[in-house]
Amino acid sequence: MFNRKKLLMDISVIKSFTELKNIAVVGVSSKGIGFGISVYNHLKDNGYNVFAVNKNGGFWKDVKLHSSLSQIGNKIDGLITVVPPAVTENIVREAKELGIKYIWMQQSSESKNAIEYCKENGMQVISGECILMFVEPVKSIHSFHRWLNKLTGKYPKSENTDK
Numbered sequence: 001m002f003n004r005k006k007l008l009m010d011i012s013v014i015k016s017f018t019e020l021k022n023i024a025v026v027g028v029s030s031k032g033i034g035f036g037i038s039v040y041n042h043l044k045d046n047g048y049n050v051f052a053v054n055k056n057g058g059f060w061k062d063v064k065l066h067s068s069l070s071q072i073g074n075k076i077d078g079l080i081t082v083v084p085p086a087v088t089e090n091i092v093r094e095a096k097e098l099g100i101k102y103i104w105m106q107q108s109s110e111s112k113n114a115i116e117y118c119k120e121n122g123m124q125v126i127s128g129e130c131i132l133m134f135v136e137p138v139k140s141i142h143s144f145h146r147w148l149n150k151l152t153g154k155y156p157k158s159e160n161t162d163k
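Each residue of the sequence shown is one higher than the one before, starting from 1 at the first, in the working numbering.
Rather than coming from a laboratory, the hints here were simulated on the basis of the structure.
Warning: the hint list may mix true and false statements.
[To be verified] The calculated label-pair distances, taken between Cβ atoms and stated as ranges, are: (1) Ile33 with Glu136: 18 to 28 angstroms; (2) Asp10 with Ser30: 29 to 39 angstroms; (3) Ser68 with Asn121: 14 to 24 angstroms; (4) Lys112 with Lys61: 31 to 41 angstroms; (5) Glu136 with Asn22: 16 to 26 angstroms; (6) Pro84 with Lys119: 13 to 23 angstroms; (7) Ser70 with Ser30: 11 to 21 angstroms; (8) Gly57 with Arg93: 13 to 23 angstroms; (9) Asn90 with Gly34: 13 to 23 angstroms; (10) Asp10 with Asp62: 21 to 31 angstroms; (11) Lys61 with Glu116: 35 to 45 angstroms; (12) Gly58 with Leu98: 19 to 29 angstroms; (13) Gly122 with Lys31: 30 to 40 angstroms.
[What the hints assert, rightly or not] Cross-link-like lysine-lysine pairs, in silico, DSS-like; alpha carbons within 30 angstroms at most: (14) Lys21 with Lys96; (15) Lys112 with Lys21; (16) Lys21 with Lys61; (17) Lys96 with Lys119; (18) Lys55 with Lys44; (19) Lys112 with Lys101; (20) Lys31 with Lys61; (21) Lys55 with Lys112; (22) Lys101 with Lys64; (23) Lys75 with Lys61; (24) Lys75 with Lys101; (25) Lys112 with Lys61; (26) Lys44 with Lys119; (27) Lys15 with Lys101; (28) Lys15 with Lys55; (29) Lys75 with Lys112; (30) Lys64 with Lys75; (31) Lys61 with Lys44; (32) Lys96 with Lys15; (33) Lys31 with Lys75; (34) Lys15 with Lys112; (35) Lys44 with Lys31; (36) Lys31 with Lys21; (37) Lys15 with Lys64; (38) Lys55 with Lys31; (39) Lys112 with Lys96.
Where a beta carbon is used, it is the ideal one built from N, C-alpha and C, also for glycine.
Input sequences plus hints: build the corresponding full structure.
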């Protein structure tokens, strides 16, 4: 199993990701439950063009669930994985084929192999962080968690400074 010991991410990579406009969320449930739905809704509510991906396709309410990244047919700037690590390993390969350069692996979605693959192929990868702590406005428990991480020094910093 992948050791999810927190890697201190560079805040500039995270900031670049949050400035993207077209984002696919892989792992959106057709039942309207789970963390994938939370991520999808938060991004959609805050002005992102969001594409939902569920291996089974179909719909959730009026949202089309694409069965793969290639089925989307629109430009995808980045993607967020909210799926098991073995699925993430396949997703990053498909992302590379489609020219997607930014990959955010939610906690429990990342694997050492997927992270290494992204780095070896020039993709910007974020892992060990929760997207809901960085897309403004940060709400509820995520706001508290962000504050706590800043207090304890676990919040990402720039590689160039200690700010």
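Taking the hints in turn, this is what the structure says about them:
1. Ile33 with Glu136: 18 to 28 angstroms: Hint holds: Cβ distance 25 angstroms, inside 18 to 28 angstroms.
2. Asp10 with Ser30: 29 to 39 angstroms: 35 angstroms, holds
3. Ser68 with Asn121: 14 to 24 angstroms: 19 angstroms, holds
4. Lys112 with Lys61: 31 to 41 angstroms: 36 angstroms, holds
5. Glu136 with Asn22: 16 to 26 angstroms: For Glu136 and Asn22 the Cβ distance comes to about 18 angstroms; the hint holds.
6. Pro84 with Lys119: 13 to 23 angstroms: 21 angstroms, holds
7. Ser70 with Ser30: 11 to 21 angstroms: Given about 19 angstroms between the Cβ atoms, the range holds.
8. Gly57 with Arg93: 13 to 23 angstroms: 20 angstroms, holds
9. Asn90 with Gly34: 13 to 23 angstroms: 19 angstroms, holds
10. Asp10 with Asp62: 21 to 31 angstroms: 37 angstroms, violated
11. Lys61 with Glu116: 35 to 45 angstroms: 37 angstroms, holds
12. Gly58 with Leu98: 19 to 29 angstroms: 21 angstroms, holds
13. Gly122 with Lys31: 30 to 40 angstroms: 36 angstroms, holds
14. Lys21 with Lys96: Holds, at about 18 angstroms.
15. Lys112 with Lys21: 27 angstroms, holds
16. Lys21 with Lys61: With Cα atoms ~23 angstroms apart, Lys21 and Lys61 stay inside 30 angstroms; holds.
17. Lys96 with Lys119: 11 angstroms, holds
18. Lys55 with Lys44: Holds, because 20 angstroms separates the two Cα atoms, which is no more than 30 angstroms.
19. Lys112 with Lys101: Cα-Cα ~18 angstroms, so holds.
20. Lys31 with Lys61: It holds: about 9 angstroms lies between the C-alpha atoms, which stays within 30 angstroms.
21. Lys55 with Lys112: 22 angstroms, holds
22. Lys101 with Lys64: 23 angstroms, holds
23. Lys75 with Lys61: 23 angstroms, holds
24. Lys75 with Lys101: 12 angstroms, holds
25. Lys112 with Lys61: Answer violated: Lys112 to Lys61 is near 35 angstroms, above 30 angstroms.
26. Lys44 with Lys119: 28 angstroms, holds
27. Lys15 with Lys101: 14 angstroms, holds
28. Lys15 with Lys55: 29 angstroms, holds
29. Lys75 with Lys112: At roughly 27 angstroms apart (the allowed maximum being 30 angstroms), Lys112 and Lys75 satisfy the hint.
30. Lys64 with Lys75: The hint holds at about 16 angstroms.
31. Lys61 with Lys44: 14 angstroms, holds
32. Lys96 with Lys15: Since the Cα atoms of Lys96 and Lys15 sit roughly 21 angstroms apart, the hinted pair holds (cutoff 30 angstroms).
33. Lys31 with Lys75: Distance of about 26 angstroms is within 30 angstroms: holds.
34. Lys15 with Lys112: 23 angstroms, holds
35. Lys44 with Lys31: Satisfied, since the Cα-Cα distance of roughly 18 angstroms is no more than 30 angstroms.
36. Lys31 with Lys21: 26 angstroms, holds
37. Lys15 with Lys64: Holds: Lys15 and Lys64 sit about 28 angstroms apart, inside 30 angstroms.
38. Lys55 with Lys31: 13 angstroms, holds
39. Lys112 with Lys96: 17 angstroms, holds
Violation of the numbered hints given earlier is confined to hints 10 and 25; the remaining hints are satisfied by the structure.
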